[in-house]
Amino acid sequence: MRIAITAASVRCASGRELVPPTRCWASVDDDALALGIPGVARATVEGDPRFPDDRKGSLAAAALAEIASVPAGARVGLYLGTGLSSLTPAELAIDLYPHIVDGAFDRLAMARDLATDRPSPRRHQPERVTQVLGAALGAVVTETSFSACAAAAQSILQAARAVHRGDVDVAFAGGHDSMLHAIGYLSFVVLGALSPTRGRPFDQQRDGFLIGEGAAMLRLQREADLSSDDRVLGWIVGGGTSVDAYNVTHPHPEGYGAALAMRRALRDADLQPGDIDYVNAHGTGTPVGDQAECLAVHRVLGDVPVSSFKGAVGHTIAAAGAVELALCLGIFPSGVLPGTPGLVTLDPELRAHVLKDPVRAEARHILSNSFGFGGQNCALIVKAP
Amino acid sequence: MPRHVRIIGASLFCPAGIGIFGLGPASPGAVPGFDPIACGVPRKHLKTMTRAVQLGVAGVNAALAVAPGWAEIRPERRGLFVGASPQAGDAEDLAAALAAAGGDPGRFAREGVSLIPPLWLVKGLSNNVLGYASAQHDLRGDNGNWCDGQLGGAIALAQAVHAIAEGRVDLAIAGGADALLGAESVVGGPCAEGAAFIVLVAGERGDAVVTAGIPSEDGVEEGFGALGAAAVPVAWVRSWLTDRRADVGGVRGAWSS
Chain A
18 MRIAITAASV
28 RCASGRELVP
38 PTRCWASVDD
48 DALALGIPGV
58 ARATVEGDPR
68 FPDDRKGSLA
78 AAALAEIASV
88 PAGARVGLYL
98 GTGLSSLTPA
108 ELAIDLYPHI
118 VDGAFDRLAM
128 ARDLATDRPS
138 PRRHQPERVT
148 QVLGAALGAV
158 VTETSFSACA
168 AAAQSILQAA
178 RAVHRGDVDV
188 AFAGGHDSML
198 HAIGYLSFVV
208 LGALSPTRGR
218 PFDQQRDGFL
228 IGEGAAMLRL
238 QREADLSSDD
248 RVLGWIVGGG
258 TSVDAYNVTH
268 PHPEGYGAAL
278 AMRRALRDAD
288 LQPGDIDYVN
298 AHGTGTPVGD
308 QAECLAVHRV
318 LGDVPVSSFK
328 GAVGHTIAAA
338 GAVELALCLG
348 IFPSGVLPGT
358 PGLVTLDPEL
368 RAHVLKDPVR
378 AEARHILSNS
388 FGFGGQNCAL
398 IVKAP
Chain B
941 MPRHVRIIGA
951 SLFCPAGIGI
961 FGLGPASPGA
971 VPGFDPIACG
981 VPRKHLKTMT
991 RAVQLGVAGV
1001 NAALAVAPGW
1011 AEIRPERRGL
1021 FVGASPQAGD
1031 AEDLAAALAA
1041 AGGDPGRFAR
1051 EGVSLIPPLW
1061 LVKGLSNNVL
1071 GYASAQHDLR
1081 GDNGNWCDGQ
1091 LGGAIALAQA
1101 VHAIAEGRVD
1111 LAIAGGADAL
1121 LGAESVVGGP
1131 CAEGAAFIVL
1141 VAGERGDAVV
1151 TAGIPSEDGV
1161 EEGFGALGAA
1171 AVPVAWVRSW
1181 LTDRRADVGG
1191 VRGAWSS
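Residue numbers (the numbering used here), protein chains in the order written: chain A, 18 to 402; chain B, 941 to 1197.
Calculated from the structure, these hints are not laboratory results.
Remember, it's a predicted structure, so these values are computed and weren't measured experimentally.
Incorrect hints may have been included.
Unchecked claim - Restraint ranges, calculated between C-beta atoms of paired labels, are given here:
#, chain 1, residue 1, chain 2, residue 2, range
1, A, GLU366, B, PRO1058, 22 to 28 Å
2, B, LYS984, A, VAL361, 38 to 44 Å
3, A, VAL157, B, ARG983, 43 to 49 Å
4, B, GLY1042, A, LEU243, 57 to 63 Å
5, A, VAL361, B, GLY959, 38 to 44 Å
6, A, PRO88, B, GLU1051, 54 to 60 Å
7, A, PRO375, B, GLU1051, 51 to 57 Å
8, B, PRO1058, A, ALA89, 31 to 37 Å
9, A, LEU154, B, ARG1185, 46 to 52 Å
10, B, LYS984, A, ALA89, 55 to 61 Å
11, A, GLY209, B, ILE1013, 35 to 41 Å
Ideal Cβ positions, reconstructed from N, Cα and C, are used throughout, including at glycine.
Using the sequences and the accompanying hints, generate a full structural model.
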């Protein structure tokens, strides 16, 4: 497979530039602070009138608008990874609070109010953003991947395969998510997944992730269809998915599924482990997750340089695979492999060549990992233009 | 060169019944007699599964139960492709915490959070059918989970066909599950629940052949009302079991021997 990335856009805490982040972009949010979360990584985006009270929809719309030109007559597909951010503060206020009486939840009253007062809540329609944006593009195919934190990476891989097969001529692929609201924070607080201090992947003191939000979109085309005006930012040359088949909330402790996805990506790209110059890790900063990923990377790819962006832009959940791949595209022209913002003291127990600081080196092939609850894993390989 | 794809198993849970009993007239409602434990859903996981997830895991179990030889295929070559709807964590699980908070985020943090079941988020994961069923049957291969309303089940079927044809897996289980009962006021019409899965393997010329085009909602049976992500798989399997051929949701199957 050799699919050209002819345009890319990103919206995340570090801004809109397609360059790896170099510092932490955390800010303070009152709702998060009240729940004991010291920082969130918020993106800047104007609300899109098509998606009221839905930051993830606005983020996707803004990212797509930047790159949405389509060659005349091309068959277009839109492949979007989305996430759990379906219950916004406004919906919470409207749907739930008024229906709690004396500590009990009146479900019938809520259903009655929904039927009479309001349209269907968005949480029943995760595909709505894909449909609205797909219709604007004139897309003949729309797919909404909902694979937890692997969703965007899986969408990009499915889009690349669809272009390769000839299902579509141009694919817009990526992901969007925002859980920067009370219920979003809460979801991870009750699981104990968020850091009570700050995001620091691979650190000896790591204690959870910094939560972020964002969106990123790529435009994918076949090499044979490129015009002289097209500028190639990178080539998607392979990808692989797997399932841990172990536990829906915990990764396999030795990173079995992660390793399997990376091996499949290598095979798909017809590459050897030594061909990979840099790994953009999933690297959330959770004690178990980082350890499992480092084991897997070392087992499959040896001492390849590894770093994570999540200490800087936060974990953008379902968008992570797209946001981080888009930021990786800036590595090719820079001649610099990025470090790991937030990392202070590398955990000596981790068996991987983790980059704390940026190093000057060329990258020809980059592998990007995304792993999700449910045990879904996805690895993508992108080649320099 | 793409490989031929053949079907070796199927399951059906719909308001008309389970298995071949599900071939009766389509009507809205619940799956009669559905017992997740009897359908092989692990008792220890029931509390963290919504009804739709229970139906989905049961659907995978039933499809594999009638598929000969699947267990001989290596786990790394077994794929699972699912259409699902978001399973918003049960709102009732939040009620005590919200009541304790009285709308004050600070009180919510101090007094409310500890009243929420820790696995509230986990119960709400939309890819729980995939997560639980893959762990139960050691399905470690290529995979995907789509939440696209009725289209989700069609995408799952089509992607499974591609995965076999392109040699990424040697076994693909594909289908969808949903449970929309109780959502009538939201959906604006009658609703149903159900699940259906098919089991695909690489075949030889002359076998029953399955091919995939662009996923669509074509062929969905309106008689069930809203069946969500299960709509296309249920219609596909009912068509297949009835006529040994199906052309639903952009996925075509024909018995050619």
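- Query: Against the structure shown, which of the earlier numbered hints fail to hold, in ascending order?
  - Reply: When the structure is compared with the hints, numbers 5, 7, 8, 9 turn out to be violated.
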